[in-house]
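Undergrad: Spelled out, the chains give:
There are 2 protein chains.
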Amino acid sequence: MARKRFDDSSCSVARALNEVGDWWSLLVVLHAMYGTRRFVDFQQELGIARNILCDRLARLVDNEVLKKVEVGEHGSRFEYRLTEKGRDLFPIVIALRQWGDKWNPAPDQAPLDLRDRETGQTIRQVEVQDVNGNPLTVRDVFVPEGETVDKRKSAESRKKVG
Amino acid sequence: MARKRFDDSSCSVARALNEVGDWWSLLVVLHAMYGTRRFVDFQQELGIARNILCDRLARLVDNEVLKKVEVGEHGSRFEYRLTEKGRDLFPIVIALRQWGDKWNPAPDQAPLDLRDRETGQTIRQVEVQDVNGNPLTVRDVFVPEGETVDKRKSAESRKKVG
DNA sequence: CTAATCTGGTTTCTTTAAGCAACCTTATTC
DNA sequence: GAATAAGGTTGCTTAAAGAAACCAGATTAG
Chain Z
92 MARKRFDDSS CSVARALNEV GDWWSLLVVL HAMYGTRRFV DFQQELGIAR
142 NILCDRLARL VDNEVLKKVE VGEHGSRFEY RLTEKGRDLF PIVIALRQWG
192 DKWNPAPDQA PLDLRDRETG QTIRQVEVQD VNGNPLTVRD VFVPEGETVD
242 KRKSAESRKK VG
Chain A
92 MARKRFDDSS CSVARALNEV GDWWSLLVVL HAMYGTRRFV DFQQELGIAR
142 NILCDRLARL VDNEVLKKVE VGEHGSRFEY RLTEKGRDLF PIVIALRQWG
192 DKWNPAPDQA PLDLRDRETG QTIRQVEVQD VNGNPLTVRD VFVPEGETVD
242 KRKSAESRKK VG
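Taken in sequence, the protein lines are chains Z and A.
Its first residue numbered 92, the first sequence is counted upward by one per residue in our numbering.
Its first residue numbered 92, the second sequence is counted upward by one per residue in our numbering.
These are calculated hints, taken from the structure and not from any lab test.
Do not take every clue at face value.
No distinction is drawn between identical chains; accordingly, a pair holds when it is met within one copy or between any pair of copies.
As the list claims (entries may be wrong) - Pairs of lysine-lysine, DSSO-like flavour, derived with a Cα cap of 27 Å:
hint	residue 1	residue 2
1	Lys158	Lys176
2	Lys159	Lys193
3	Lys158	Lys193
4	Lys176	Lys159
Take the sequences, apply the hints, and build the full model.
TA: Listed below in structure tokens is the structure:
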């Protein structure tokens with residue numbers, strides 16, 4: 092596939108996508124959030140090829156999104172658990188899920204009803220907010236002068252956001 | 092590459108990833124949010140192969156994330172603009188960017204400083220919140236009984252989130 | 001104590017998509 | 001009227017994804 096890797100990229104979205112931006116990685120993280128920890132469980136739940144799962148798990152461990160924990164007394168049993176960095180993907184995964192539920196609802200499936208353990212109430216839509224917690228759209232924001240967005244283009248088109 | 096497509100999947104994250112979950116699509120959307128609209132501009136900014144860009148743009152248009160607008164008086168000039176569905180990816184893109192800035196900061200680049208047009212103040216971290224706007228981590232939430240997460244596995248491991 | 005099974009892989013082979021470069025068509029500019 | 005720009009398309013090469021078989025160490029079943 093010759094996929095270009097952007098480790099060097101000046102864009103942090105590109106760098107983020109480099110770690111979790113492929114097909115499976117985010118699904119692995121999602122399932123890890125749902126409690127899955129074992130190789131075989133990921134494999135069965137996701138229906139992913141074993142070699143690809145190996146690769147993704149190894150990469151996620153390399154990138155410190157997951158950590159591999161030896162479990163079961165004599166070795167040879169492992170668990171993959173989210174690190175803080177991995178848990179920090181929570182808003183992204185939830186936002187994706189909400190977006191999917193909103194724009195591509197499954198006819199047979201209710202949208203995710205995720206609830207706060209404390210109150211039992213349904214969580215909010217994930218949104219971009221100003222300092223006071225008011226929602227912002229892409230048209231409500233700007234990048235201050237002097238910020239650059241990416242690379243090798245004239246600066247004019249970059250100041251605008253929205 | 093034989094990438095499995097999950098249009099049929101019961102998981103809305105998988106369905107979302109099906110539309111914007113590959114390497115380039117989200118970067119295209121990101122640049123669209125930054126104001127890019129023309130084929131050549133996407134191509135140069137992203138450094139993407141032209142045929143792949145064609146494919147991604149067409150797919151994004153098919154999925155109604157972008158719309159192709161005839162511009163320039165006599166046809167043969169087009170712009171790709173975000174639809175509402177596309178603009179709705181804003182929290183995801185911003186969350187990704189913030190995650191990247193936090194966990195893989197570029198030494199040479201300041202983290203994204205995105206500001207509210209109204210007040211000029213820096214936006215908040217994107218987070219999952221309860222009904223009152225208090226932040227929630229993956230450990231603070233649960234899926235009520237009866238919800239299923241994905242497929243073909245016993246239900247026990249699914250109730251847990253975190 | 002040997003055989004079957006479970007877990008967590010690795011290897012091999014095939015298919016398919018990504019990357020690159022060249023080419024093409026329809027304006028518009030010089 | 002030739003050169004350039006925009007927006008593609010085509011063909012080739014390379015590399016990653018998928019499927020399935022194999023493997024080794026630990027555990028359990030008989």
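Undergrad: With reference to the structure, classify each hint as holding or not holding.
TA: Hint check:
1. Proximity of Lys158 and Lys176 under a CA criterion of 27 Å is satisfied intra-copy only: 10 Å inside one chain copy versus 35 Å between copies.
2. Taking the shortest Cα distances, Lys159 and Lys193 sit within 27 Å of each other only across copies (22 Å), while inside one copy they are farther apart (35 Å).
3. Only between protomers do Lys158 and Lys193 lie at most 27 Å apart by alpha-carbon distance; the minimum there is 19 Å, versus 32 Å within a single protomer.
4. Within a single copy, Lys176 and Lys159 get their C-alpha atoms as close as 14 Å, which meets the 27 Å cut-off; across copies the closest is 37 Å, which misses it.
Violation of the numbered hints given earlier is absent; every hint is satisfied by the structure.
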